[in-house]
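Q: The chain contents come next:
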Amino acid sequence: MSQAATATIDPAQNSGRALGRLTTVGAVLGLVGIGAAVAFSGGTKQFYFSWLVAYLYFLSIALGALFFVLVHTVTRAAWGVTLRRILENVMATLPVFALLFVPIWLGRHELYPWTHPEEVAHNVLLKGKAPFLNEGFWFIRAVFYFTAWSALATYFSTQSQKQDETGDERISARLRGAAPIGIVLFALTSTFATIDWMMSLEAEWYSTMIGVYFFSGAVVAILSFTILLVQFAHSQGALRGVVTVEHMHDVAKLLFGFTVFWAYIAFSQYFLIWYANIPEETIYYMKRQVGSWQSAGMLLAAGHFLIPFFFLMPRAVKRHSALLVLIAIWQLLMHFLDLHWCVMPNLHPEGVRFGATDLAAFVGVGGVFLAAIGWVSSRRALVPLRDPRLPESLSFENV
Amino acid sequence: MPGFLPPFFPEGEHYGLLAEYDSPGALFHACEKVRDAGYKRWDAHSPFPVHGIEGAMGLGRSRLPYVTLVFGLSGAIGGMILQLWANGIAYPMVISGKPFFNWQPYVPITFECGILLAALSTVFGMFAFNKLPMLFHPLFGVDRFAKVTDDGFFISVEAWDPKFDAAATERLLASTGATRVELVKRREGSAS
Numbered sequence: 000m001s002q003a004a005t006a007t008i009d010p011a012q013n014s015g016r017a018l019g020r021l022t023t024v025g026a027v028l029g030l031v032g033i034g035a036a037v038a039f040s041g042g043t044k045q046f047y048f049s050w051l052v053a054y055l056y057f058l059s060i061a062l063g064a065l066f067f068v069l070v071h072t073v074t075r076a077a078w079g080v081t082l083r084r085i086l087e088n089v090m091a092t093l094p095v096f097a098l099l100f101v102p103i104w105l106g107r108h109e110l111y112p113w114t115h116p117e118e119v120a121h122n123v124l125l126k127g128k129a130p131f132l133n134e135g136f137w138f139i140r141a142v143f144y145f146t147a148w149s150a151l152a153t154y155f156s157t158q159s160q161k162q163d164e165t166g167d168e169r170i171s172a173r174l175r176g177a178a179p180i181g182i183v184l185f186a187l188t189s190t191f192a193t194i195d196w197m198m199s200l201e202a203e204w205y206s207t208m209i210g211v212y213f214f215s216g217a218v219v220a221i222l223s224f225t226i227l228l229v230q231f232a233h234s235q236g237a238l239r240g241v242v243t244v245e246h247m248h249d250v251a252k253l254l255f256g257f258t259v260f261w262a263y264i265a266f267s268q269y270f271l272i273w274y275a276n277i278p279e280e281t282i283y284y285m286k287r288q289v290g291s292w293q294s295a296g297m298l299l300a301a302g303h304f305l306i307p308f309f310f311l312m313p314r315a316v317k318r319h320s321a322l323l324v325l326i327a328i329w330q331l332l333m334h335f336l337d338l339h340w341c342v343m344p345n346l347h348p349e350g351v352r353f354g355a356t357d358l359a360a361f362v363g364v365g366g367v368f369l370a371a372i373g374w375v376s377s378r379r380a381l382v383p384l385r386d387p388r389l390p391e392s393l394s395f396e397n398v
Numbered sequence: 000m001p002g003f004l005p006p007f008f009p010e011g012e013h014y015g016l017l018a019e020y021d022s023p024g025a026l027f028h029a030c031e032k033v034r035d036a037g038y039k040r041w042d043a044h045s046p047f048p049v050h051g052i053e054g055a056m057g058l059g060r061s062r063l064p065y066v067t068l069v070f071g072l073s074g075a076i077g078g079m080i081l082q083l084w085a086n087g088i089a090y091p092m093v094i095s096g097k098p099f100f101n102w103q104p105y106v107p108i109t110f111e112c113g114i115l116l117a118a119l120s121t122v123f124g125m126f127a128f129n130k131l132p133m134l135f136h137p138l139f140g141v142d143r144f145a146k147v148t149d150d151g152f153f154i155s156v157e158a159w160d161p162k163f164d165a166a167a168t169e170r171l172l173a174s175t176g177a178t179r180v181e182l183v184k185r186r187e188g189s190a191s
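Chains as they are written, first to last, in numbering that gives the first Met the number 0: chain A, 0 to 398; chain B, 0 to 191.
The shape of chain A in the complex, shown without the other chains:
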C-alpha cells in the first residue's frame, strides 16, 4: 500500500511565481518576434499567412488546455488534480487570442479568396457558399467563438482559484454541472473556427473532418506542452513531489493515445477523399503532392505518428522525464509542421518555403502566449490547493 498522502502541500513552494519568469522572457520574445515579422514583410501576403500559422498553432495549445480541463471536470477525474492548475493557466490565455486575431481580420483579403466579390461572382461554388462565407457572418462567428472561449476559460479558471481561498466543495459540483455545456460549446466552436480560419483558405474545398483533425493535433500539442511546463516548474523548484512520475506517466499515455488518434483522423480524411476521387475534394491533396510538400507530408506521417508511436510504447520511456521532454519537443515541432502543411501550400504552391517571417511570427505569437501564461500563473498557486480530490491525486499510482 502507498504511504499515507499528506493532505496539505506547501503553498510557498508551489506558488505560481515559479512560472513568473515566463512573463518577461515571453514579453521580450513577443516584441522582438512581432517587430521582426512586421519589419521583414509587414502587410504582405507572407506576413498574414505566417501569422495565421503561428496563431493557429498557439491557439490550438490553449484550446487543448480548455478541452483537458473540461474533460477532467466532467469525468470527475482525481489523478490529474495536481496538474490541472497548469492547464487552467494555459487555458486562461484564451482572451488574448481575440487581440492576436486583429492581424487576421486586417489580412482577410490576402488570406481568404472568398472575400473578393469579383472572385465569388464568377465561381458557382463560392456563390453557393456565400450565405455562410461572407465577411459579416464570418466576423460575427469569430466574436462568438472568442466570447464562448473567454467565458468558459475565465469561469473555470476563476472558480478554481476561488476554491483555493474558500475550500468550498460546492464549487467542484457546480463546475461539474457546467462542464458538459462547455464541452458541447467547445466542440462546436473549435470545429467551426477551423472551418472559418483554416478550411476556408481553400474555399472550394471541404472536409467534414477538418475540425476534428485540428482538435486531434491540439490535444497532442497541449499534452506535449504540459510535459514541458511541468519540467520547467520542477526546474524552478515547484511541483516537486506534487506532480510526480505517476502523473507524467498518465500524461504520456494520453499523448500516445492522441498521437494514434491524430493518425487515425489524418488517414481517414485522406482515405475517404482518395477513395471518392471527387475533384472538389482531391484538390486539397493534389496541392500537397507537389514538390517538397509531398516530402513534408511523408515526414508528417513518419514524424507525427510512426516515430512517436514506437518511441512512446515502452513503459520505461513514459516514466523517464528527459525522454518525455525530448518527445514533447519533437511532437510540438511536428504539430507546427502539420499546421504549416495545412495552410502554406495556398501561399507557396511550388513547395515548402519556410522563411524568416514564419520564424518571427512564431516567436512573436509564442512570446505573447508565454507572457500571458506567466502573468496568469504568478497570481496564484500552481496547484488547486483545496480541491476535495487533491489528496487522492497526490497519492496517485499507476497499477
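Worth flagging that the hints you see were computed from the coordinates, not collected in a lab.
Hints may be right or wrong, so weigh each one.
Claimed, not checked - Incomplete in silico selection of chain B near chain A, CB under 8 Å:
1. Pro104
2. Val106
3. His136
Claimed, not checked - DEER-style ranges, computed between Cβ atoms:
4. A:Pro278 with B:Ile80: 32 to 38 Å
5. A:Val70 with B:Asp150: 18 to 24 Å
6. B:Pro107 with A:Pro116: 41 to 47 Å
7. A:Arg173 with B:Arg143: 50 to 56 Å
8. A:Arg173 with B:Ile80: 55 to 61 Å
9. B:Arg60 with A:Ser234: 28 to 34 Å
10. B:Leu72 with A:Asn397: 55 to 61 Å
11. A:Val31 with B:Gly87: 53 to 59 Å
12. B:Gly87 with A:Leu322: 38 to 44 Å
13. A:Arg169 with B:Ser95: 56 to 62 Å
14. A:Ala150 with B:Gln103: 52 to 58 Å
Think of the CB as a built atom: it goes at the ideal place given N, C-alpha and C, for glycine as much as any other residue.
The hints should help you fit chain B onto chain A, whose structure is shown.
A: What follows is chain B alone, placed relative to chain A:
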C-alpha cells in the same frame, strides 16, 4: 471431474503450506516477509485486489506486452501482405479505376488484423502465463480456503520451493501474523 486438466506439479506427498490472515494489511506485510526470506514459488490469495501487493510480493513486470507486440506487428504485416498478394497478384480486379497495387484501401484491414492478433494473443498469452485453464488445484481441498472468495486472506508456499522446509517455513509463516497455518496434502480433495 477429478483429474481433468490438473496442474502439472512435481511429485510429492505435500502441495505446501497455507497460512491464513485476517486482514489485507496483515497479508500485505506478511508478503513482504516471505519475499525477504527469499521464497520464489508462492502466492497470495485475496477476495479483492490489494493495491501494491505485487511490490510486496517482489513480482517483476509481466512479459505479456512483448507477446502482444510481436503478434500485433505480425498481424499488421501479414494483413497487408495478404491483401497486396490477393488483390495485386493472385486475382487483380479493376475497382473504381484504382491501381492494382495501392496501400490506401488496405490500411483499415491491416489495422484490424494487427488489433485482432494483438488482442487474441494478449488473452491467450495471459491464459498461458497463468497456466489456465486449471480446473483442479490442491488448495481447493482445504475447506477454509473457500473463504478466499469472501473474507479470507491467504499465503500459500509450494513444497518444491528451493527454500521450503516444512518446519522452518511454518515457523516463518506463523511469525508473520498468520491466524492459522496448515500443511496441504498433494492429492487432497482430488478424489472428491
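Q: If a hint holds in the structure, say so; if it does not, say that too.
A: Hints, verified against the model:
1. Pro104: 7 Å, holds
2. Val106: 6 Å, holds
3. His136: Interface hint status for histidine 136 of chain B: violated (26 Å vs cutoff 8 Å).
4. A:Pro278 with B:Ile80: 32 to 38 Å: 33 Å, holds
5. A:Val70 with B:Asp150: 18 to 24 Å: 38 Å, violated
6. B:Pro107 with A:Pro116: 41 to 47 Å: 44 Å, holds
7. A:Arg173 with B:Arg143: 50 to 56 Å: 51 Å, holds
8. A:Arg173 with B:Ile80: 55 to 61 Å: 56 Å, holds
9. B:Arg60 with A:Ser234: 28 to 34 Å: 30 Å, holds
10. B:Leu72 with A:Asn397: 55 to 61 Å: Taking Cβ atoms as reference, leucine 72 of chain B and asparagine 397 of chain A lie about 25 Å apart, which means the hint is violated.
11. A:Val31 with B:Gly87: 53 to 59 Å: 55 Å, holds
12. B:Gly87 with A:Leu322: 38 to 44 Å: 40 Å, holds
13. A:Arg169 with B:Ser95: 56 to 62 Å: Holds - the Cβ-Cβ distance for arginine 169 of chain A and serine 95 of chain B, about 59 Å, lies within 56 to 62 Å.
14. A:Ala150 with B:Gln103: 52 to 58 Å: Check failed, 42 Å falls outside 52 to 58 Å.
When held up to the earlier numbered hints, the structure conflicts with 3, 5, 10 and 14 and fits the remainder.
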